[in-house]
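Engineer: Spelled out from the first residue to the last, the chains are:
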Amino acid sequence: SQQGEEDPQALSIQEGENATMNCSYKTSINNLQWYRQNSGRGLVHLILIRSNEREKHSGRLRVTLDTSKKSSSLLITASRAADTASYFCATSNQGGKLIFGQGTELSVKP
Amino acid sequence: NAGVTQTPKFQVLKTGQSMTLQCAQDMNHNSMYWYRQDPGMGLRLIYYSASEGTTDKGEVPNGYNVSRLNKREFSLRLESAAPSQTSVYFCASSGLAGPLGETQYFGPGTRLLVL
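Top line first, the protein sequences correspond to chains A and B. When the letters of the first sequence are read in order and numbered with the working numbering, they come out as residues 1 to 110. When the letters of the second sequence are read in order and numbered with the working numbering, they come out as residues 1001 to 1115.
Only true hints are included.
Listed below are the simulated DSBU-like cross-link pairs for lysine-lysine, each with C-alpha atoms no more than 35 Å apart in a straight line:
id, chain 1, residue 1, chain 2, residue 2
1, B, K1057, A, K56
2, A, K97, B, K1009
3, B, K1057, B, K1071
Calculated from the model, a selection of chain B residues having no Cβ within reach of chain A, i.e. all distances over 12 Å:
id, residue
4, P1008
5, T1015
6, Q1017
7, G1053
8, N1065
9, T1086
10, V1114
In silico contact screen, one side only, chain B against chain A (beta carbon under 10 Å); selected entries:
id, residue
11, Y1048
12, T1103
13, Y1105
14, G1109
Since the hints were derived computationally from the structure, they do not count as laboratory data. Built from N, CA and C at the ideal position, the CB exists for glycine as well.
Produce the complete structure using the sequences and hints provided.
Structural biologist: Here it is in structure tokens:
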């Protein structure tokens, strides 16, 4: 069964707007990761946040983690058409195994 | 470095046929993984190998077998393909030292259609 549930399932925005995606999970974690998947491609790692961290930045990406609510959010600022992709959260509790959510499909219109 | 490579890219099988999906990584990673991805769903773990010489079942192992041939290569075998195994299969590896040790690196995928 899936650990993470993502919201929304699909998101359509205009270039330059911000995109926010949310992920909820069920059990305790060591870390939470976000991956991007372009159509027809493999997944690419974006950012990792550990359970003792609350916020992390990488370029235009901002990730927050609330372990009390078992939730995380990914914010992409000043979106570009090239950001169009599916975004997945994945949780890790031990041994390096990841459990993926169902993903958010982001469409950024030029 | 090629990263994670998978062969073949596409395959069509008839029900009952067998095939082996190949995966290789050149990053000297210890751990390797096989996932399947079905439309509108995330990735589900089929089997994984935490280190050379070990393999373990993931969430959906039924109908599959794996072999960790050496540190570089991890193959997935379908002994008797079924239409329910129509999917996109991804191989991944991990094992960097340091804080990103659990980051996984994915291959481009194999698209399998079972008729």
